[in-house]
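All chains should be modelled from the sequences, with the hints used to inform the complete structure.
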Amino acid sequence: MLLSQLSSILFALAAATVGAHAQQTVRIPSTSADIDYSPALCNASVSESCSGVWQVLSDVPNTSVVATYGPANATGDIIPQAFFSFRASSVQVRTSPYSNATINFTLSAPSTGVFVTKEIQSDVQLIVGADIPDTQVTTLGITFIPQEATTRFDIEYIELNVTNSSATSSFLPSFTLPASSSPPTYFPPTSTSQSHHSASSGTIAGAVVGSVLGVCAIGVVAGLFYRKRNRGQLRRLSMKMKRPDTIRRGR
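Read left to right, the sequence shown gives residues -22 to -1, 1 to 229 (mature numbering (1 follows the signal peptide of the UniProt record, and there is no 0)).
Quick caveat, the hints were computed from the structure, so don't treat them as lab data.
A couple of the hints might just be wrong.
Cβ-Cβ distance ranges computed for the label pairs, FRET-style [unchecked claim]:
| no. | residue 1 | residue 2 | range |
| --- | --- | --- | --- |
| 1 | Thr53 | Thr3 | 18 to 28 Å |
| 2 | Gln2 | Val38 | 21 to 31 Å |
| 3 | Ser147 | Gln1 | 12 to 22 Å |
| 4 | Ala52 | Thr9 | 35 to 45 Å |
C-beta atoms are modelled at their ideal positions from N, C-alpha and C, and glycine is treated no differently.
Okay, here's the thing in structure tokens:
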């Protein structure tokens, strides 16, 4: 009996080890064509020519980032957004020490009716969406939220936890834009209060670790956790989302 129990324990440990090793990390650079920026990424050599849009900046030490300072009259006050579709169990967005804008961070999976969103201060430097079913296509949406003072949002890279990092098509499905050639839009919450409704109404409740299939959690991690990730503690939050047809800054 003891030998049988020991064998069962060893088998369980072996299975857990295999499962842990099955997850692999893939890093997507912020300039990747798989990330859809709206307005489109500016390729001008002078940053002043990229007012109101996304642009590549190299002022962050040892790296380049795709950044935006928010909407501008030159681009019709269109709110900057970014979209990225993937299959993975978690997604991480790395910002930079210079990033201080407030953003709306959204994970959506229309096939399962899952929509999770949270208003986040990007100076945390690492934004994490976890507990995502990796068998479904999930779309990450990032929306810049304008403030009275000028703020900036940076993306250094997006990182995924996947089961097969060598099969690109398995975790980066093609993302087809609507016929209007503009990405879907997400409107920032008008309040920071939390609400919970059924998934069928476009929101989700109980976003916690180890939850049932289709439940996601979005957390934020400070830069110290990123540097010493074994000492930090991930804060997981539940979220609410609204989604109109268009989104522009009020004049």
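The hints, checked one at a time:
Take Thr53 and Thr3: their Cβ atoms lie about 35 Å apart, and the range 18 to 28 Å is violated. Between Gln2 and Val38 the C-beta distance comes to about 27 Å, which sits within the given range of 21 to 31 Å. For Ser147 paired with Gln1, a C-beta distance near 18 Å keeps the hint of 12 to 22 Å intact. For Ala52 and Thr9, the Cβ-Cβ distance of about 22 Å falls outside the hinted range of 35 to 45 Å, so the restraint is violated.
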